[in-house]
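Enquirer: As you go down the protein sequences, you meet chains G and A in turn. Residue numbering for the first sequence follows the numbering used here, beginning at 2 and increasing consecutively. Residue numbering for the second sequence follows the numbering used here, beginning at 14 and increasing consecutively.
In case anyone wonders, no lab produced these hints; they're calculated from the structure. Every residue gets a Cβ at the ideal spot worked out from N, C-alpha and C, and that includes glycine. Hints are not guaranteed to be accurate.
Said to hold, decoys possible - So the derived list for chain A, only partly shown, Cβ under 8 Å to chain G, looks like this:
hint: 1; residue: M89
hint: 2; residue: L91
hint: 3; residue: R119
hint: 4; residue: R120
hint: 5; residue: R122
hint: 6; residue: A127
hint: 7; residue: S135
hint: 8; residue: M137
hint: 9; residue: H138
What the hints assert, rightly or not - So, partial list: chain A residues that the calculated Cβ filter (under 8 Å) puts toward chain G:
hint: 10; residue: G123
hint: 11; residue: M128
hint: 12; residue: F130
hint: 13; residue: S136
hint: 14; residue: P139
hint: 15; residue: F140
hint: 16; residue: A150
hint: 17; residue: A153
hint: 18; residue: H154
hint: 19; residue: Y185
hint: 20; residue: H187
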Amino acid sequence: MVAYVLRRLVAAVVLLFVVTVVTFAIFFLVPRVAGATAEDLASRYVGKTAGPEQLKEMADKLGFDDPLYVQYGRFAKGLVAGADFSTGPTVEHCPAPCFGYSFITQNPVWPDLVDRLGVTMSLAAGAAIIWLVVGVSIGVLSALRKGSIFDRGAMGVALAGVSLPIFFTGLLALSIFAYNLGWFPPGGSYTPITENPAQWAYDLILPWTTLAFLYAAAYARLTRAGMLETMNEDFIRTARAKGLVERTVVVKHGLRYALTPIVTIFGLDLGLLLGGAILTESTFSLPGIGKYAVEAVTNNDLPKVLGVVMLGAFFIILANLIVDITYAVIDPRVRLS
Amino acid sequence: MSGDGVVVTPSSDPAAWPPRVPTAFLEVRDLRVTFRTDDGLVKAVDGLSFSLDRGATLGIVGESGSGKSVTSLSIMGLHKGQSVTMSGEIWLDSQELVSASPDQVRRLRGRKAAMIFQDPLSSMHPFYTVGAQIIEAYQAHHDVPAKVARRRAIDMLDRVGIPQARTRVDDYPHQFSGGMRQRAMIAMSLVNNPDLLIADEPTTALDVTVQAQILDLIRDLQEEFGSAVIIITHDLGVVAELANDILVMYAGRAVEHDTADKIFRQPEHPYTWGLLSSMPRMDRGVRDRLKPITGTPPSLINVPSGCPFHPRCPYVDRNGIPCRTVVPRVPTDGSPGVACHIPEKERRQLFDDEILPTL
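Given the sequences, and given the hints that come with them, work out the whole structure.
Expert: Below you can see the structure in the form of structure tokens.
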């Protein structure tokens, strides 16, 4: 078990390294291969009015003509140890992990990301709890009453759930519950949980439900399919043959087994969401990573995009690691192979 | 008698209702089990009667789809779903099960009647240790602390011949070999000292060398615990080892029911002859080919008219007997008999002249 965890951990670190290489290549190598000169790259870091000499100077300063490994080394050092930029007379230190400074706001990217991470985490965690509880429960009940009115109704709603995009259900929810009924704030309000937990939850109810609706629908369908398959397994018949009460058979023997693939998907979904729930955050004007990403992309704000990409990749790798370890805890067969 | 929505109808014979309590430990009377499917009504078991005493062993033999496993699952009350209809009576230790509530049957399950399944790997939960699964079976019927149940599980594993039971109890099923898994399954089924043990193809998934060990184990344990045993198999060799009585099933009905000795010495039904002829034997020349029964098992939705075996029977319509129209039946009271229209004298003659020399 320990060896297994260590192997996974090493694999995760290697993967993280690969991600930095690929990201570096996308941002700094691909444009060069496509024909951009060092001055072209530098032009993104200076004002539009800069002349050729200023561009040349900037390209030298940022080292765009250095050998690739030197450039990558500088990039990696920035991520791990931070970087120093001399701005004329003074030297400015960009603390690790350094993705650079926003072209627009001139702020270092990382502290901004940390600021917004709270919003995205609040959104993802709350929605995840809702969709897990609701989706799995509905899936189990549907499977146990396959073909019943409940099953057909639930699966009909679930089909709608997976088919409707967030910006539709979100706007619908806003229009009804915020604008018409006035029960909830019409988006844009966020209170950190440390300030006022009740207000935090109240502000997030609509985004949570909207996001959870999409995922709960998918999870209900997955759970239903998994349970239907599992309840036909031989070991379920054995459990019944022991004379166990049906609830024990369903929960301890059936659900436990059917949940394994759900755990995997849950980890990946959560990792993906932590990298920014773009549609939900945009629909409800929540200042999270997703909204930050949209701003970064629309403004061509390269250091911000870089930061969002790296953060997203980090969360997905982390989620994968946690899923792998959880898997070994759940399924004893995994530990040995 | 089983899960939700199983329709229970009283026996069609008015004289049998209200039923008389039988003297045998297990008595099955006119059991009928049908499944509703999209293609039609499947008559999986169609009027089956037999009885079994404590300490005795009954072998139920037949091809796939002959209703053997459906019968055993009926006794265990393990048919689930709205598509199953059961009628007739199953008396287990003076309690009728077909009309009993699902919860009553559940309480008997595992305690009074336990079951061993064909494939021990898929029949055990992969996520729980062997010990945990045996402990669970014990605690389902005994209100004892975990420690006591664990000691019991170790004792049982030891009893069925698992070496180092004290440590192997914490192994997972995938860490056991096939034979050890089946031993563990047997330990699990016997943990509550059941009066009836049903073994559904207990050796089919095992190596030949392990098969004999498992059969020996079942026989030893039966002597020790004094339980009644039903062995379900398509392998006549298995029942030859163990059974006192043999019930040969075809298309959901009993076609021949008698002592094992009689069935091996003087079988009377052409289907039983077919089963015996298709059994490989060590004392036969390598070049002699096995004689399989021609044709395929019948559809249980459209069961052939008359004798269900008539499309495959080499003696059909012999001397003008009504094989295609009249259904032959073994005695409905569960006593020995042969469901065949060929007169008894003629059957014996046929066996002695045509079948015995080729076996």
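Enquirer: If a hint holds in the structure, say so; if it does not, say that too.
Expert: Hint-by-hint comparison with the structure:
1. M89: holds (6 Å)
2. L91: holds (6 Å)
3. R119: At about 5 Å, which falls below the 8 Å cut-off, the nearest Cβ of chain G leaves the hint on R119/A intact, so it holds.
4. R120: At about 6 Å, which falls below the 8 Å cut-off, the nearest Cβ of chain G leaves the hint on R120/A intact, so it holds.
5. R122: holds (4 Å)
6. A127: holds (7 Å)
7. S135: holds (4 Å)
8. M137: Check passed: Cβ of M137/A comes within 6 Å of chain G, closer than 8 Å.
9. H138: This hint holds: H138/A lies near chain G, its Cβ roughly 4 Å from the closest one there, short of 8 Å.
10. G123: holds (3 Å)
11. M128: The hint holds - M128/A has a Cβ within 8 Å of chain G, the shortest such distance being about 5 Å.
12. F130: Nearest chain G Cβ about 6 Å off; hint holds.
13. S136: holds (4 Å)
14. P139: At about 6 Å, which falls below the 8 Å cut-off, the nearest Cβ of chain G leaves the hint on P139/A intact, so it holds.
15. F140: This interface hint holds because 6 Å falls under the 8 Å limit.
16. A150: With a minimum Cβ separation of about 4 Å from chain G (threshold 8 Å), the hint on A150/A holds.
17. A153: It holds, given that the least Cβ distance between A153/A and chain G is near 5 Å, below 8 Å.
18. H154: Since the shortest Cβ distance to chain G is 6 Å, the answer is holds.
19. Y185: Cβ of Y185/A sits 5 Å from chain G, so the hint holds.
20. H187: holds (5 Å)
Of the numbered hints listed earlier, not one is contradicted by the structure.
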